[in-house]
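Number of protein chains: 2
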Amino acid sequence: MVKVVIDTMALDPNTNTPVMVLKEEKGVRTLPIWIGIAEASAIALYRSNKKFERPLTHDLMKLIIEGFHARLVKIVIDDLKDNTFFAKLYLEIDQNKAAVIDARPSDAVALALRLNAPLFVEEKVWEAQTKAEPKAQEEKKADELRKNLRDIDPSDFGKYSLG
Amino acid sequence: MVKVVIDTMALDPNTNTPVMVLKEEKGVRTLPIWIGIAEASAIALYRSNKKFERPLTHDLMKLIIEGFHARLVKIVIDDLKDNTFFAKLYLEIDQNKAAVIDARPSDAVALALRLNAPLFVEEKVWEAQTKAEPKAQEEKKADELRKNLRDIDPSDFGKYSLG
Chain A
1 MVKVVIDTMA LDPNTNTPVM VLKEEKGVRT LPIWIGIAEA SAIALYRSNK KFERPLTHDL
61 MKLIIEGFHA RLVKIVIDDL KDNTFFAKLY LEIDQNKAAV IDARPSDAVA LALRLNAPLF
121 VEEKVWEAQT KAEPKAQEEK KADELRKNLR DIDPSDFGKY SLG
Chain B
1 MVKVVIDTMA LDPNTNTPVM VLKEEKGVRT LPIWIGIAEA SAIALYRSNK KFERPLTHDL
61 MKLIIEGFHA RLVKIVIDDL KDNTFFAKLY LEIDQNKAAV IDARPSDAVA LALRLNAPLF
121 VEEKVWEAQT KAEPKAQEEK KADELRKNLR DIDPSDFGKY SLG
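Residue numbers (our numbering), protein chains in the order written: chain A, 1 to 163; chain B, 1 to 163.
Check before you lean on any hint, since a few could be wrong.
Pairs involving identical chains hold if they fit within one copy or between any two copies, as the list cannot separate such chains.
Said to hold, decoys possible - The calculated lysine-lysine pairs, modelled on DSS-like cross-linking and capped at a C-alpha distance of 27 Å, are:
| hint | residue 1 | residue 2 |
| --- | --- | --- |
| 1 | Lys97 | Lys62 |
| 2 | Lys50 | Lys124 |
| 3 | Lys51 | Lys26 |
| 4 | Lys74 | Lys62 |
| 5 | Lys26 | Lys97 |
| 6 | Lys131 | Lys51 |
| 7 | Lys131 | Lys62 |
| 8 | Lys88 | Lys62 |
| 9 | Lys50 | Lys131 |
| 10 | Lys97 | Lys23 |
| 11 | Lys97 | Lys51 |
| 12 | Lys97 | Lys3 |
| 13 | Lys51 | Lys62 |
| 14 | Lys97 | Lys131 |
| 15 | Lys81 | Lys50 |
| 16 | Lys50 | Lys97 |
| 17 | Lys74 | Lys97 |
| 18 | Lys81 | Lys97 |
| 19 | Lys51 | Lys81 |
| 20 | Lys88 | Lys3 |
Since the hints were made in silico from the structure, they are not lab data.
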């Protein structure tokens, strides 16, 4: 299991789909994950430090977890099947009770940011990604992707996240 | 406190903004609330009975609450200030612990639908709405709104809710 951070939040100009690029905290491997507009907005707006008067959806999720006096211990992206990434939330309540919840990586990351929880990617996910294409090609593709992506401005999604 | 149900989910054709129209369960008063696209999508998709392989954001919120063996007792829309509606989630855990969480009405309703929790609107909200405009005008406006609105097809938002 490898600790990761968000490298870039970007828009794939070919499809106009948001991409969340994760990067090993102590390494060079990157993991691009194509995600939904609402979830990308939830991540980008939080990173922009923009304050909202009312809780946005992932803020509410945070408030619910805090309302239970629970803690988000970590999130783990733990599988990649048919081009779909899978993640899990590891929650702890009263120190002796735990819950492991199935989530999409986008929601998991949007929530982890708000609760200062660390992000991990299982080794099998890096392997599944590498297996799909030879390593050299993989790195070249990631490089190209990074060149083609432009950094997301939260205003790209602003209108989807209010109300 | 008055129990309400969803009357219509619609798009305001002037602004292309989604509107959630609530209606008294045993009465005729309606309460239109303009909401965000992502939240309207979360409500409309659930009502369409469309199934998704992966949990959408409000499905994840449901999974978290169930993971804590908690219960959403009710949601209450309890204030209207400067054209902004306020709501609260009433959660119960272990029967003796409770949490009351501040939420936007759109998130509250999207979650209540998924957890079969009843929806309420405080009398002061109806009054605040009526105070803003004389009653006759109010009813006329609601009628006009209903005529002008067209029912939302979940495909109107489909692309915002995936990934």
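Results for each hint:
For the identical chains of this complex, Lys97 and Lys62 are neighbours both inside a copy (18 Å) and across copies (18 Å), given an alpha-carbon limit of 27 Å. In the homo-oligomer, the alpha carbons of Lys50 and Lys124 never lie at most 27 Å apart, since the shortest distance is 36 Å inside one protomer and 31 Å across protomers. Taking the closest pair of Cα atoms, Lys51 and Lys26 never come within 27 Å of each other, the shortest separation being 31 Å inside a single copy and 39 Å across copies. Taking the shortest alpha-carbon separations for Lys74 and Lys62, both the intra-copy value of 14 Å and the inter-copy value of 19 Å come in at or below 27 Å.
Taking identical chains as interchangeable, the C-alpha atoms of Lys26 and Lys97 are never at most 27 Å apart, the minima being 31 Å within one chain and 42 Å between chains. In this homomeric assembly, Lys131 and Lys51 never come within 27 Å of each other (Cα to Cα): the closest approach is 42 Å inside a single copy and 30 Å across copies. Proximity of Lys131 to Lys62 under the C-alpha cut-off of 27 Å is found in neither arrangement, the shortest distances being 36 Å within a copy and 35 Å between copies. Within a single copy, Lys88 and Lys62 get their C-alpha atoms as close as 16 Å, and across copies as close as 15 Å, so both meet the 27 Å cut-off.
When the C-alpha separation of Lys50 and Lys131 is checked against a cutoff of 27 Å, the pair qualifies neither within a copy, at 39 Å, nor between copies, at 33 Å. In the homo-oligomer, the alpha carbons of Lys97 and Lys23 never lie at most 27 Å apart, since the shortest distance is 31 Å inside one protomer and 40 Å across protomers. For the identical chains of this complex, Lys97 and Lys51 are neighbours neither inside a copy (33 Å) nor across copies (30 Å), given an alpha-carbon limit of 27 Å. In the homo-oligomer, the alpha carbons of Lys97 and Lys3 lie at most 27 Å apart inside one protomer (24 Å), although the nearest pairing across protomers, at 35 Å, exceeds that limit.
For a Cα distance limit of 27 Å, the shortest separation of Lys51 from Lys62 qualifies both inside one copy, at 15 Å, and across copies, at 25 Å. In this assembly of identical chains, the alpha carbons of Lys97 and Lys131 never lie at most 27 Å apart, being 37 Å within a copy and 49 Å across copies at closest. Taking the shortest Cα distances, Lys81 and Lys50 sit within 27 Å of each other only across copies (22 Å), while inside one copy they are farther apart (35 Å). Within a single copy, Lys50 and Lys97 get their C-alpha atoms no closer than 34 Å, and across copies no closer than 33 Å, so neither meets the 27 Å cut-off.
Taking CA atoms no more than 27 Å apart as the test, Lys74 paired with Lys97 passes in both settings, with 15 Å inside one copy and 25 Å between copies. Proximity of Lys81 to Lys97 under the C-alpha cut-off of 27 Å is found in neither arrangement, the shortest distances being 30 Å within a copy and 40 Å between copies. In this assembly of identical chains, Lys51 and Lys81 lie within 27 Å of each other by CA distance solely across copies; the values are 19 Å between and 36 Å within a copy. With identical chains, the CA atoms of Lys88 and Lys3 are at most 27 Å apart within one copy only, with a shortest distance of 14 Å there and 36 Å across copies.
Hints 2, 3, 5, 6, 7, 9, 10, 11, 14, 16 and 18, counting from the list given before, are not met by this structure.
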